[in-house]
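Asks: Chains as they are written, first to last, in this note's numbering: chain H, 1 to 689; chain A, 1 to 609.
Quick caveat, the hints were computed from the structure, so don't treat them as lab data.
Ideal Cβ placement from N, Cα and C applies to all residues, glycine included.
Check the hints yourself; a few may be wrong.
To be verified - Here are the simulated DSBU-like cross-link-like pairs (lysine-lysine), alpha carbons at most 30 Å apart as the crow flies: (1) K220(A) x K330(H); (2) K251(A) x K340(A); (3) K178(H) x K137(H); (4) K220(A) x K175(A); (5) K178(H) x K82(H); (6) K137(H) x K539(A).
Claimed, not checked - Some chain A residues flagged as far from chain H (calculated, every beta-carbon gap over 10 Å): (7) T24; (8) L47; (9) G53; (10) D198; (11) W201; (12) R216; (13) G379; (14) A480; (15) E483; (16) Y519; (17) V593.
For reference, the chains in residue letters:
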Amino acid sequence: MRFAVDVGGTFSDLVVEDDEGRFHGFKAPTTPGDPATGVLAAVARAAESFGTDTATLLGRGSVFIHATTRALNAILTGTTAKTAFLTTAGHPDILLFREGGRTDLFDYTRPFPDPYVPRSLTFEVPERIWSDGRVLKLLDTAALDRIIDRLAALEVEAVGVSLLWSIINPAHEIAVGKVLAERLPNVAVTLSHQLNPILREYRRASSTCIDASLKPIMGPYLTDLDARLRGAGFEGRILGVTSQGGVVETGMLAAAPIHAINSGPSLAPLAGRAYARADSGRDTAIVTDSGGTSFDVSFVRRGEIPWTADSWIGPPFRGHLVGFPSVEVKWIGAGGGSIARVDAGGLLAVGPESAGAEPGPACYGRGGTRPTVTDAALALGYLDPGHFLGGRLALDVAAARAAIDRDVAEPLNVTTEDAAAAMLSLATERMVAAIEDITINRGVDPSQAVLVGGGGSAGFTAVAIARRLGCAEVVIPSTGATLSAAGALLSTLSAEFRTLAPQRSDRFDAAAVTTVLADLAARAAAFAAGPGAGSLGHSVRFSVEARYVQQAWDIETELADGAAIDAAGVARLVDAFHRTHEELFAVSDPDSAVEFLTWSARVACRLRPEADDAPALASGTPQPASRRRAYFAGHGWCDAAVRAFGDLAEPVTGPAIVESAFTTVVVPPGATARGSDSGGIVITPGMAR
Amino acid sequence: MSREDTAMLDRPNETAVDAGATPTAVELAIFNSRMESITRRMANTMLRTGRSGVINTARDFSCSLVTATGELLSVSEGFPIHMLRGADLMAQCMAEMHPVLLRGDAYLHNSPYHGNSHAADHTVIVPVVDDDGVHRFSVLAKAHVADCGNALPTTYMGAARDVYAEGALIFPATKIQSDYRHIDDIVRMCRMRIRVPDQWWGDYLAALGAARVAEREVLKLGAELGWDRFHALERAWFDYSEQRMIAAIRKLPGGRASAENAHDPFPGTPADGIRIRADVAVDPEAARIVIDLTDNPDCMPCGLNLSEGTATSGALCGVFDSIEPGVPANAGSYRRIDVKLRRNCVVGIPEHPTSTSVATTNLADRLVNAVQRAFASLGDGIGMADASGSSLPPSCGVVSGFDPRADGAAFINVVILGAGGGPGTPVTDGWLTIACMGNAGMPFYDSIELDELHQPIVVQARRLRTDGEGAGRFRGAPGAEIEYGPVDCDVEVGFACDGVVHPAQGVRGGGPGALAEAYLRRADGSLEALPGSSQLIVKEGESLVSLTAGGGGYGPAVERPPASVARDVVEGWVSRERAEAVYGVVLTASGSVDSAATERRRAGLAAGG
């Protein structure tokens, strides 16, 4: 038996995989002050469902996987450790200037963002190394000592050290680390060349300081969780989820907690891929996760989990760059709580402003007065006012209609229903734009994909999005609300090793690269034999960041021949690069030399048999079939069939509504829904009629 | 008013296409979202595939969609000075010069006498032609290339007396592709005149790729909607944009205001530089704005003259900086703004062979600043102070030479190591990395490691310039201190730094930003001051020191909240001494505000002490 828990902002989702490989989902409220309590509450609910007690249930487990937004929340709420930044003399403002850049051209109402570490906690270390590794200025150890005196006096809790060109010659960084360890043994330290040996000083310094600032927070937290699970009877292995969508020993996560930042959302694509394969037989999927305020989307292409090199905490240019590649999940402010308004020119807009959980949509009756997407869904009859969230919250239809009338219908001079339908259309369009951004803008056609709709409010717009993009099928997993936790059980124990070794295709040093790759292969093998021991097999993939000479942005190109590289292999690598460039950007330049920078090896150890079997999720309580009045643009009010998840042995044709305690799926006229083996539903969108 | 004398932006609504029902608000929003997604995709292609730093880091490019009748419909987030006006003029020129436009054509256009900004901005224009051979639309991808074949290795020839002294090849909408194949004659001409031609070729491919991607998308959308519906939506989007502009203007106080500004003296200018003025009239009731630039000097024998595109864009940029954010910039919203220009005027319409080599930055920025400062004088809460004014300092120089690490291969690039600070606004302090108002702070700053890898240079320092800000209720942003020099060789550097003589001015009682300074540090450590417009060889062991200018402040410095001043001191933006002398804020030894002493000091300042 295996467990995975995703500790979110509101709920802790638990998925238990029984010994037959079936998944069972549970939820308990998150307890932010003491997260382990919420986790154990979810385990207690599972124990009850399995007819046993917590200790017995945990005692049967071999693995407990844990994803958390704690690291991210600490950064967003400014509760990380007091952190200092040590930089090369002359360059104190690496974190302040960032990489420049600005958006929203004519909107000067936003202030310039603060650096991750304030200038008053930034210290310039006299030293300098150049791009070829030579020492231009020796490390001034006396000056370093004075800096450390200041750090002690200021009682800093963590130090990030990122010196220019430490990636080529780490001698000075190592020396600084040594003195810090001697003189400030209780202060957490991160050295940039060890954590993240990448070119570009801002990205590396940002990684380094973020990581250092999280160590004093995440270390004790992970230790506590470990002790509490042990105390409750768990004797198996405890693993943590990384932003790369893999799992690692919690000790490794405590040593480099920056990898926990995108811990939860990184798993949705993994789960989405599994459901796309199981329920639709497709390898290419648009995986969406729609909640109250945000719409997360990722694109799985031919079974590949998407990656990004530019992962920001906060908005681009105004947030902080993480500096590590991570699973790419695009986020926009659109969800059930998105607010609609009509602007001065008479144009309707929906979101990104959200009513959130408090005050919430007008129909919640908690003080919200502005119309939201949820209000629109209620006004159109899609939501059952008496059975929202399993009947725990009664919805006020009159309040929803009044808000829509006042803010949308009257300014546009249309009916309430047309206004509500327009709100959903526009929300749909914004979601489509987000999807296009990660598909069409990269030269990929989304119509080849199946749309996987996860999250509580996916069902309002999933079919409309699929129609707009031309997708052949929509898959709604039975417990989309626990998509990330389900993904944790499908993930692999993984690690990535990287080395900067600049090369050009027209003067390629194959021997040097062979040495680099052999070193990476050895480190990957050591991981597989160490933390990966006992897994069900492992794979290692090699890749390199490549670009045309003089370009500034790289394309990750896989080394098809693994760690072996010879003249023919270089030619194949260059060909692969030209092809990818043409595919992405409509042009290639076969006469140009190609430049290679960072070489990497990614090792993945399988914890679960590699099978496309449907990870079946226990279905909800069946409800009696019924009918409800619902409004569809172009059709007006219709008599819609209402079915429960798991009650679709016979397909149902729209207009229809499929419900569970946590979600509502709209099946408009022209669409057909059927039940899937995994307990979810599969919809053929058809054409809007 | 004839076009002879002015550039009128309110074109008549000439093509009232009847294509079914009036577009609904939802349909229109979706149409706009589709247009924006096309320009975003173009911009992404440019950024990720461009070869020179000025494209792939400074983001000195823009992507535009123009109707068949030559009206600007949509632009990517690009430099305002590039894009607000110009794409439309260039597309009109293409159609006039080439009455028969065929699918598969592409045109190279960089003529500042035909709508382009300056010769270094190479634009690829692709006419979108439907299946019946009708020209429906034009897409434009414009990028600043690292070299354009000037007489000196720089794209900013501040001292050029005319276009012949610039030396760049000029292409007035010259056909470079036919039936999707290159016209090699043109490509060979470029390769013979442009330095590091492979780099130019890569940049050209980036622009061509962006334009071709957009062509494909527009054709798809036209087929999907039907061209008549497509054109009806264009009209509706213009009408909507006009309504947004009307609403924005009605929120402004009415009246007339003028502001003056001055560019530093350069070779070919009067001894105290170029003095310009902007006369602004706002009529909220009629919902119109007039920017009159006709009362300004004639063109000068130097490279600082603006082109028609940048003069109009500069005026419009000042307007958009001063009204509420969110009004779409296109031919629809422009119907409400008249920009009056004069022929042969330094901020007007230059005539061939006047040089406009530096038309996108220096004087253009002085113009934008004058306009937004004129708005500020209409009332508290609108307009802005001046941005730094230190356009093109040594820290943004064009660096060239021969790289000893690459067997002496030639290199040329614009480094963007750092630039001046942004203006104080009614609600925020200046944006630190603004560079110019005309580029709205969009450029990325170079990575020092990447620069040292690409050029044989070392960057000794890049840091914020303490006390460089224009003081104010909302202060301007300070500039930066940057020092760099060659390693194992000599390098040639060109720059055209404004703001050494004339500072960025504050507004509504705000103070001026610090002046820019430029030095050569000799091998013995001594500093030699350099003129703002320089082209020099920096030898091994020497370095350039660039202190960039600060932005002006908005409102009186004594109105700045003492806690904000204390924070600036703790963070090292402002010295303790300046806090006391200029802001009237006295701090305790621990850095917190001494309220009683501050009150006394501020009272003293008010009394003239």
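Asks: Would you mind marking each hint as holding or not holding in the structure?
Replies: We went through each hint and held it up to the structure:
1. A hinted pair counts as satisfied when its Cα atoms are at most 30 Å apart, and K220(A) with K330(H) qualifies at roughly 25 Å.
2. Of the pairs offered as hints, the one joining K251(A) and K340(A) holds, with about 23 Å between alpha carbons and a cut-off of 30 Å not exceeded.
3. With a C-alpha separation of about 19 Å, the suggested pairing of K178(H) with K137(H) holds against the 30 Å cut-off.
4. Using a Cα cut-off of 30 Å, the hinted pair K220(A) and K175(A) holds, with the two alpha carbons roughly 24 Å apart.
5. For the hint pairing K178(H) with K82(H), the CA-to-CA distance comes to about 21 Å; that is within 30 Å, so the pair holds.
6. Proximity of K137(H) to K539(A) is assessed by CA-CA distance (about 20 Å); at most 30 Å being required, the pair is judged to hold.
7. Against the 10 Å criterion, T24(A) falls within the reach of chain H, whose nearest CB is about 8 Å from its own CB.
8. A beta-carbon of chain H comes within 10 Å of the beta-carbon of L47(A); the shortest separation is about 7 Å.
9. At roughly 7 Å, the least C-beta separation between G53(A) and chain H is not larger than 10 Å, which violates its mark as non-interface.
10. Against the 10 Å criterion, D198(A) falls within the reach of chain H, whose nearest CB is about 7 Å from its own CB.
11. Distance to chain H contradicts W201(A) as a non-interface residue, since its nearest Cβ pair spans about 7 Å, not more than 10 Å.
12. Look at R216(A): its CB is around 8 Å from the nearest CB on chain H, not clear of 10 Å, so calling it non-interface is violated.
13. Every C-beta of chain H lies more than 10 Å from that of G379(A), the closest at about 17 Å, which supports listing it as non-interface.
14. Remark: the non-interface label on A480(A) conflicts with the geometry, its nearest Cβ contact in chain H lying 8 Å away (cut-off 10 Å).
15. Distance to chain H contradicts E483(A) as a non-interface residue, since its nearest Cβ pair spans about 8 Å, not more than 10 Å.
16. With a least CB separation of 16 Å from chain H, Y519(A) remains clear of the 10 Å interface cut-off, as annotated.
17. The claim that V593(A) lies off the interface holds: its Cβ sits roughly 16 Å from the closest Cβ of chain H, which is beyond the 10 Å cut-off.
The structure does not agree with the numbered hints 7, 8, 9, 10, 11, 12, 14 and 15 stated previously, though it agrees with the rest.
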